[in-house]
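Protein chains in written order, with my numbering: chain A, 1 to 383; chain B, 1 to 383; chain C, 1 to 383; chain D, 1 to 383.
By construction, these hints were calculated from the structure, which means they are not laboratory data. Every value quoted in this text rests on a predicted model; they were computed, and no experiment measured them. A couple of the hints might just be wrong.
As the list claims (entries may be wrong) - Here chain D is said to cover these stretches of chain C; the calculated rule only asks that three of the stretch's residues, wherever they fall, bring their Cβ under 8 Å from a Cβ of chain D:
1. 55-62
2. 161-169
3. 366-379
Claimed, not checked - Dumping the calculated SDA-like pairs for lysine to any residue here, alpha-carbon to alpha-carbon at most 25 Å:
4. D:Lys312 <-> B:Val179
5. D:Lys298 <-> A:Leu281
6. B:Lys42 <-> D:Tyr383
The beta carbon of each residue, even a glycine, is placed where N, CA and C say it ideally should be.
Number of protein chains: 4
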Amino acid sequence: MKMSSIKEIGIGMLGYEFMGKAHTNALIKMPIFFYPPPIKPKLIALYGRKKERVMEASLRYGYKRYYTDWEALVKDREVEVIDNGLPNHLHKEPCILAAEEGKHVICEKPLAMNSEEAEEMYKAVQRAKVKHMVAFNYRFIPAIILAKKFIEEGYIGKILQFRAVYLQEWVMNPNFPMVWRLKREFSGSGALGDLGSHIIDLARFFVGEIDSVIGLTKTFIKERPLAEEPNKKDLVDVDDAFIALIKFKDGAIGSVEASRFSAGRKNYQRIEIQGDEGTILFNLERLNELEVYTNKDKENRRGFKNILVTEKVHPFYDRWWPHGHTIGWEHTFVHELYHFFDCLANDKPIEPWGATFYDGLRNNQIMDAILKSANTGKWERAY
Amino acid sequence: MKMSSIKEIGIGMLGYEFMGKAHTNALIKMPIFFYPPPIKPKLIALYGRKKERVMEASLRYGYKRYYTDWEALVKDREVEVIDNGLPNHLHKEPCILAAEEGKHVICEKPLAMNSEEAEEMYKAVQRAKVKHMVAFNYRFIPAIILAKKFIEEGYIGKILQFRAVYLQEWVMNPNFPMVWRLKREFSGSGALGDLGSHIIDLARFFVGEIDSVIGLTKTFIKERPLAEEPNKKDLVDVDDAFIALIKFKDGAIGSVEASRFSAGRKNYQRIEIQGDEGTILFNLERLNELEVYTNKDKENRRGFKNILVTEKVHPFYDRWWPHGHTIGWEHTFVHELYHFFDCLANDKPIEPWGATFYDGLRNNQIMDAILKSANTGKWERAY
Amino acid sequence: MKMSSIKEIGIGMLGYEFMGKAHTNALIKMPIFFYPPPIKPKLIALYGRKKERVMEASLRYGYKRYYTDWEALVKDREVEVIDNGLPNHLHKEPCILAAEEGKHVICEKPLAMNSEEAEEMYKAVQRAKVKHMVAFNYRFIPAIILAKKFIEEGYIGKILQFRAVYLQEWVMNPNFPMVWRLKREFSGSGALGDLGSHIIDLARFFVGEIDSVIGLTKTFIKERPLAEEPNKKDLVDVDDAFIALIKFKDGAIGSVEASRFSAGRKNYQRIEIQGDEGTILFNLERLNELEVYTNKDKENRRGFKNILVTEKVHPFYDRWWPHGHTIGWEHTFVHELYHFFDCLANDKPIEPWGATFYDGLRNNQIMDAILKSANTGKWERAY
Amino acid sequence: MKMSSIKEIGIGMLGYEFMGKAHTNALIKMPIFFYPPPIKPKLIALYGRKKERVMEASLRYGYKRYYTDWEALVKDREVEVIDNGLPNHLHKEPCILAAEEGKHVICEKPLAMNSEEAEEMYKAVQRAKVKHMVAFNYRFIPAIILAKKFIEEGYIGKILQFRAVYLQEWVMNPNFPMVWRLKREFSGSGALGDLGSHIIDLARFFVGEIDSVIGLTKTFIKERPLAEEPNKKDLVDVDDAFIALIKFKDGAIGSVEASRFSAGRKNYQRIEIQGDEGTILFNLERLNELEVYTNKDKENRRGFKNILVTEKVHPFYDRWWPHGHTIGWEHTFVHELYHFFDCLANDKPIEPWGATFYDGLRNNQIMDAILKSANTGKWERAY
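This is chain A alone, in the form it adopts within the complex (with noise of 0.2 Å):
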């Protein structure tokens, strides 16, 4: 194929920070590594609010112009997608506008504040008929992908118990300043949604529908200085930390676990699943790894096998580099734009192996049930 024949579609990004730069570098190594790419993302448009920061930003990604208007952005001619990385409060409104502008679209998770307007959100893109996908990321870490095929062949039978912790540390110095993220109007919530989304949203990945949960929060810093007037405090009203008790619908049982006063824990989530003839393991600070057990091998041979998930036959893998030769967490996002862009263009689902809209309302709707419990201290339905 030549690449003057490879067909281009025009990105708008919304977020130029954490979110906005792993999309952005994503986007450029896309086509590079999966080469011809099924359609190749044009850098258009970014926005941020500040200008002088996202002219920078847009210079340095290579965007070809900036905005400090969403909206002006989002009905942007030449935008054809558009990749919501920005605080949760801003995900409904850009994304039901794409949609109805008619626009593809990629949101950060979680979907929303909460299952209201993940609702509202879900209904727009069904509305608009456009591609609609919810970033989590983790779905796309090989390992990850290798431990959904391992559970669908039958490589540890049927599930019986899923336990997972998503751990961090990076607030846990009582003089680490207020920030969205700890203000529940800007986030929704704290763990939950930062962090434990992504492990409610790979249980049902991995395990299926969630029937009920009885959960607990706990905030253990109250109060945070501003960051640009630390005299100042501000109320932090979101968890920082979450536990739940979960039970599937097919009578499998499990808990999940979020915190940011996790010492030492940078960027731990670790996932057990285990079923009636094996166990899988996976911890995201060695994402190139999996753990599995199963009783099928040998009674003397039995253990825990660590595959380096690096491999040709491996998920992604014949795209990169030889085995051993491991990747990173942004690897990820090339993957989980790749797949957006092959859907795309070659008008595949988006489902099962990346999460749509629906997968982000079960997600927002599973979390109000955590929180729902945490203040009715009983077991709330998931629904």
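Following the hints, position chains B, C and D against chain A.
Chains B, C and D alone, transformed into the frame defined by chain A:
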């Protein structure tokens, strides 16, 4: 000191299988490795139901005589200490009789079938003013003692989160037959009392008192063939697995979970204790090791440190081998019984390092609250 | 700084496969993540033997033009830096020509087929006074840099022992066909030059100069089918594996070993550096981690600490992601090339952090001594 | 079987410290855990130089009497088996006398100070037709036996490479005093005979005979204070560390290394065995585990499997505890002595699972060749 001058004390052992073997082995080794012993245990009598087998075991282990009637053993004049390793339904009566006979008593965990029984037992030993210990042997792993010392030194700061699982897999095969541990009338509960009791004890040991709990229980396989008549089936009426959320009195949060359906987990007791300045990790399958993270380390030198707890400066290790020459599971019993005899001979309190019948009572109360919450679907007070 | 004000420099890349891809990817990413870059690489020209493929690659990577004649590329007016990722037998001539043309030069490792060639190359770049670097990219892993810093701070005391293996498995299948890396005329040597050169470089980097060596080499499979004509076989005339003992100038001892016949080892470069006060361990398959033991810790707190080298305070990491959001193998090239351009733009020396052609020469001299000793069966001086 | 009908055999133990304690502990435990024992060891006599201490030890361990003259012990009528745990310079004479007296003999490793002594000893036991074993206890670790079984089953194919290190750190402090292990007249050699002998034995056990070697030795600290007179210093005349390359008879290659100057390594014996279809790894500090990689696994399921070698189906484990209830270093001696008594009672050969004096002789020959090569700087034949 001359060997001949070492005082002796007569031991009556109830049970000769798993726990009877582990305790007897420890009684034999203790005076060799902890020489001179505070007092020397003399193997007087062994109890078992089956005459042939208890007779053989008594010869094998070196007991002077055997009984098939536990009451007779407890009343044997030469027996001064009762070590009760019988199934849970046979904890209460022999222990109470022992106390009434003025004999010191060590009882396997869980102390009792439920908190009512435990309370009777605790009152009996208090009334009789005898020494009493519940054999929570994992308190006597050098790594666990070291962890406790670290916490007391403030090495990880104030504890915020506690997370423990105790996972095994020995009943996963549906053909595994009915045993006493799967019947409530003999065991009181399933994974909860057998495995959960250990980590609940360690939760109190490390963090402090538990305020309230909410748990779920699950029985994955509800019927089992009888060992002698595999065509007949009997009902499993205890939990194969449980998970509970914990609120500690001082504000810490946590969870405990035990399962006999965790494929690949042989004896996996994993404990994570997280303070506001660090984290401690322990894994029973690697009991010579302890992992610690502390923010007190310099900024670019922080990481989880794996301490091989086998140095002369580590708890009990000066009695064993050169460093790196590891010990195993059985050594926990040597330490535990050494502690008991040291307290006995030198009139020291069993607590805080050992667990008394009071700790056993609290343990049963917490387990009762978990079982209750599994029925009510609500948080229950742990008193 | 304005993007437009960033100076640019023209790059000519030799080779588009493995190394060409890795270097190009790094050239593209560097100015995004190390913004503003010291100087901005401009992708001018790409060389490859096969027209169709190099043309495609040049489009894919974004080079302005391509060449099938490396001499023409080297002489291209717009090309100011030559990055040579060709097979070993094509290192010498293009690098020397580049120097003669007054162009800066980066060359893949090993620098040359042997020390005679290396010496010519070193003399050429010295004569021309151009910047020169050998692409020992593992020097630019954050964990490796941190290890070097620790050593310089005296964290593990005076170095006594160095132990390194670099193990792979990619040619174990007897049907794996003949490739240039298995023919001496193209590669100079086998596992020694390919893998051993890296750990020999790190031996010098961490410990210092090598006095003498004795080694053995082994070729396990002596004939290979031709890739295009599998019925015909060709002779493997390089080592599949080598092991060598090392005496360092300052009295330290050690060993280096590389093998392409280590089943299960994908890209396993394991380094152990032991000083009189501590030990440092590194494993390339987990390149975000560094393990350190020091006697400076308190007596009962000693253990191997696993540092996840992803904090802002760690080398280069402020340019990437939040801690725990790991990087992969490809990032070593970004750091390496950033260093090169930083030295170029700001007239800093490549050494000691980067490897110069002098380091490349020493590397070849040591490898020559190992090969010689494998023939003589005696210790050989490494000069 | 009745206990009373179990035949007994009289044991004379030479030495009561480290090895005397480890062997006596095993003699006491063996008949309890390996019940009914093939023959029951009866603790007759214990030898030591210092009357007070050997008397105390004999009481502590339960020996009937003690000697301060080893010759008298060897000739004691009730002593039928000599277990020699004395320093290396006292291996030869007592073992030869034991053989001449018609007594079976177990001798600690290394068998002798050098191969000349070893040859005399081997001839003596052959002449006397007594049972003889060198106490290479690591052959009796369940994981090591399992590794051997795997190799014999072809699980990792034909062995190509063997790599072993045995690292400790106990003499790193310059103030650590002179002990017999640091003087050639008592020990024969340093790290080589003490630690290296084990891994050289395992090299032969796993791979087969060794053809030739080249080694280097190093003494990092050349003088030590006397234990009793710290102001006086004595010369260390043995190796603190050695490294040797190995050519095996069948074409495999490898290396062995031991050091007493490896900070953080407490008792780190690491073994890697690589065949053309897989790899086996073992680490003595985690002796309950064995790691295995095999190409026989399906392509996307390959990885290093960590087997917790504690199942009933694993070597010796049916005699101990439920799986996951780990054993420690001392258990190797129970297995070893059980094997010896089983061979004795049932007239089985000690080899191939145990090491005979012939294996001890070969071990000394290989070590002599390593020492010679360290002087000549050339490869030396290992015969």
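message: Taking the earlier hints as the rules, which of them does this structure contradict?
response: Hints 1 and 6 contradicted; others consistent.
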